[in-house]
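Please model the entire structure based on the sequences and the hints provided.
2 protein chains.
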Amino acid sequence: MSKNTKPWIGIDLGGTNIQAGLINRTGKILTRYHTKTKVEQGADAVVKRILKLARNVVEEAGLDMQDVAGLGIGAPGTIDRTNGIVQKAVNLRWTNFPLAKRLHQELQIPILLDNDVNVGTWGEYRAGAGQGHDHMLGVFIGTGIGGGLIIDGKIYHGILGTAGELGHAVVEPHASLGRRTLENLASRTSIVNLLTQLIRSNHPSCLPELTGGDLSKIRSKVLAAALDRKDPLTEQVLTEAARYIGISIAGVVTLLSLPCVVIGGGLSAAVGKQWVQRIREAFEEHVFPTDLRSCSIVTSSLGDDAGIIGAALLAQTAAEESPN
Amino acid sequence: MSKNTKPWIGIDLGGTNIQAGLINRTGKILTRYHTKTKVEQGADAVVKRILKLARNVVEEAGLDMQDVAGLGIGAPGTIDRTNGIVQKAVNLRWTNFPLAKRLHQELQIPILLDNDVNVGTWGEYRAGAGQGHDHMLGVFIGTGIGGGLIIDGKIYHGILGTAGELGHAVVEPHASLGRRTLENLASRTSIVNLLTQLIRSNHPSCLPELTGGDLSKIRSKVLAAALDRKDPLTEQVLTEAARYIGISIAGVVTLLSLPCVVIGGGLSAAVGKQWVQRIREAFEEHVFPTDLRSCSIVTSSLGDDAGIIGAALLAQTAAEESPN
Numbered sequence: 000m001s002k003n004t005k006p007w008i009g010i011d012l013g014g015t016n017i018q019a020g021l022i023n024r025t026g027k028i029l030t031r032y033h034t035k036t037k038v039e040q041g042a043d044a045v046v047k048r049i050l051k052l053a054r055n056v057v058e059e060a061g062l063d064m065q066d067v068a069g070l071g072i073g074a075p076g077t078i079d080r081t082n083g084i085v086q087k088a089v090n091l092r093w094t095n096f097p098l099a100k101r102l103h104q105e106l107q108i109p110i111l112l113d114n115d116v117n118v119g120t121w122g123e124y125r126a127g128a129g130q131g132h133d134h135m136l137g138v139f140i141g142t143g144i145g146g147g148l149i150i151d152g153k154i155y156h157g158i159l160g161t162a163g164e165l166g167h168a169v170v171e172p173h174a175s176l177g178r179r180t181l182e183n184l185a186s187r188t189s190i191v192n193l194l195t196q197l198i199r200s201n202h203p204s205c206l207p208e209l210t211g212g213d214l215s216k217i218r219s220k221v222l223a224a225a226l227d228r229k230d231p232l233t234e235q236v237l238t239e240a241a242r243y244i245g246i247s248i249a250g251v252v253t254l255l256s257l258p259c260v261v262i263g264g265g266l267s268a269a270v271g272k273q274w275v276q277r278i279r280e281a282f283e284e285h286v287f288p289t290d291l292r293s294c295s296i297v298t299s300s301l302g303d304d305a306g307i308i309g310a311a312l313l314a315q316t317a318a319e320e321s322p323n
Numbered sequence: 000m001s002k003n004t005k006p007w008i009g010i011d012l013g014g015t016n017i018q019a020g021l022i023n024r025t026g027k028i029l030t031r032y033h034t035k036t037k038v039e040q041g042a043d044a045v046v047k048r049i050l051k052l053a054r055n056v057v058e059e060a061g062l063d064m065q066d067v068a069g070l071g072i073g074a075p076g077t078i079d080r081t082n083g084i085v086q087k088a089v090n091l092r093w094t095n096f097p098l099a100k101r102l103h104q105e106l107q108i109p110i111l112l113d114n115d116v117n118v119g120t121w122g123e124y125r126a127g128a129g130q131g132h133d134h135m136l137g138v139f140i141g142t143g144i145g146g147g148l149i150i151d152g153k154i155y156h157g158i159l160g161t162a163g164e165l166g167h168a169v170v171e172p173h174a175s176l177g178r179r180t181l182e183n184l185a186s187r188t189s190i191v192n193l194l195t196q197l198i199r200s201n202h203p204s205c206l207p208e209l210t211g212g213d214l215s216k217i218r219s220k221v222l223a224a225a226l227d228r229k230d231p232l233t234e235q236v237l238t239e240a241a242r243y244i245g246i247s248i249a250g251v252v253t254l255l256s257l258p259c260v261v262i263g264g265g266l267s268a269a270v271g272k273q274w275v276q277r278i279r280e281a282f283e284e285h286v287f288p289t290d291l292r293s294c295s296i297v298t299s300s301l302g303d304d305a306g307i308i309g310a311a312l313l314a315q316t317a318a319e320e321s322p323n
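The listed protein sequences correspond, in order, to chains E and Z.
Residues 0 to 323 in numbering that gives the first Met the number 0 are what the first sequence spells out, letter by letter.
Residues 0 to 323 in numbering that gives the first Met the number 0 are what the second sequence spells out, letter by letter.
Hints in this document: simulated from the structure, not taken from any laboratory.
Copies of the same chain look alike in the list, so a pair counts if it works inside one copy or between any two.
Listed next, the in silico SDA-like pairs over lysine to any residue satisfying Cα-Cα at most 25 angstroms (straight line):
#1 LYS87 with SER293
#2 LYS87 with PRO258
#3 LYS51 with GLY302
#4 LYS87 with ARG292
#5 LYS153 with GLY131
#6 LYS87 with SER295
#7 LYS153 with PRO258
#8 LYS5 with GLN104
#9 LYS153 with THR316
Printed below as a string of structure tokens:
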């Protein structure tokens with residue numbers, strides 16, 4: 000097996016789950032495994048679980064670790080890419096953890112670490128809905144709202160490596176603190192909080208019925224079920240969230256004159272195309288100049304796999320750019 | 000005089016005035032002239048006035064046109080840089096006007112045309128307050144609010160060439176149309192409109208006295224005079240505008256993880272450092288992550304000269320990058 004055709008391991012490390020795949024050079028998943036992260040067991044235990052998944056996907060393909068070109072991994076939080084360190088990841092309860100070094104010690108293959116949202120954006124750019132657009136924004140809507148930027152065919156990191164964070168930009172300047180940013184107003188967390196509050200103050204909704212009366216059980220799929228039943232409260236709250244997202248995207252596309260935005264994440268996957276259409280409508284109403292309405296606002300085509308595919312393809316690109 | 004030490008002509012073409020300078024390679028103004036644009040006389044007359052200024056600045060330096068390396072010009076509106084065409088400039092009443100070609104026919108020297116705000120941003124980056132920051136945002140606050148982006152030491156244009164337009168991003172999603180964008184809420188035009196409206200509905204202010212009762216005479220310097228007299232209405236309206244600007248800048252710095260923002264334009268020059276300090280306070284309150292509070296928010300050091308200096312230095316850089 001010659002070096003430049005070897006597959007790569009891609010890992011998506013989240014606060015709840017770890018996903019792993021063995022990925023070929025065109026972004027196809029050859030084998031895959033996943034497990035719970037179990038953050039509470041500590042960083043060493045999480046590293047062991049990552050290593051086990053990595054070995055599983057390689058063995059499942061009938062290969063040895065020396066048949067693999069390397070490993071790419073996306074982790075939440077602030078990342079020092081050069082040194083492969085997770086600087087701060089609240090979800091993982093990690094501070095300055097040398098993840099790449101730890102993985103390299105065990106696997107003896109090249110390791111590339113980047114932020115999970117950047118990695119997902121790279122997946123969509125290289126093998127998903129953003130293919131062909133050397134300038135694009137990836138927006139991932141779930142528990143929070145993350146964003147990644149591709150500029151000139153590269154992930155744009157900015158000086159602190161935190162670029163793309165449109166979820167933390169203010170969209171309601173006069174709201175109280177904690178209700179001003181896009182993430183405060185349109186993430187699944189904030190949507191569920193608002194719905195819970197409205198239902199508790201007696202706004203009618205089918206959500207109590209769908210959750211057996213336990214509103215803490217509202218997940219993306221429950222919201223989708225409520226939409227299917229045309230629950231007016233859910234529709235209203237989700238429409239307002241879509242409007243904020245569309246306006247935020249319009250601001251980024253106006254600022255950067257972008258040709259493509261890919262929308263992914265758990266919430267958008269669950270609530271479907273009609274919701275993304277509402278995002279697009281708010282985008283078109285507010286983007287400047289109006290010629291930029293031609294910007295493609297598309298849904299993720301890789302879904303949950305954007306992370307493992309993007310991590311593997313990003314590691315591959317990094318190796319091609321600095322071969323040694 | 001060897002080719003690579005020749006000076007450049009820089010032109011700043013506005014809807015009201017045209018400024019011209021002969022600029023040396025370090026951004027120093029050797030000679031300068033200006034005149035009224037007189038848009039109403041038509042494009043041919045404007046071209047003649049530009050040519051006259053260009054010849055004036057060269058003659059004043061005791062040089063001939065063949066001693067000049069070329070000419071850079073910044074124009075308002077949408078620009079086709081490759082072909083040197085002003086595609087649409089409302090201020091000039093021009094549509095698809097081949098400005099670079101027209102200037103080249105007469106002067107027989109290389110011509111570079113770009114958007115006026117990009118050119119001003121380039122001036123601040125290469126010879127002004129943004130020096131040393133290969134990633135920066137320029138914000139120019141006057142009749143409107145324009146923005147220019149430097150990414151990786153280059154002007155970032157985006158696919159339609161309109162990048163940087165933060166004035167057209169929405170900052171008040173629930174306001175009525177025409178009052179949603181930063182420019183709608185914080186440009187000199189919108190500040191004057193709001194003050195006029197408030198004074199007409201009997202809010203006390205010293206502005207009627209300062210303008211001899213003619214509120215249409217409120218300019219940046221009148222606002223500065225009202226601030227000097229601690230006029231509460233002017234202070235309140237300008238403080239609110241500064242807050243919108245600071246929040247918008249925070250959004251851009253969060254998105255791009257930028258190390259430097261230069262604030263220029265007529266309004267910021269007139270109303271002074273205290274006002275920029277208020278912009279900085281709103282910025283620091285809203286930028287994410289908080290480490291990005293280290294981003295320099297600085298006032299323009301070139302002022303009105305950013306355009307002519309930037310135009311000349313940008314033409315110089317373009318020539319160095321594609322010599323022929």
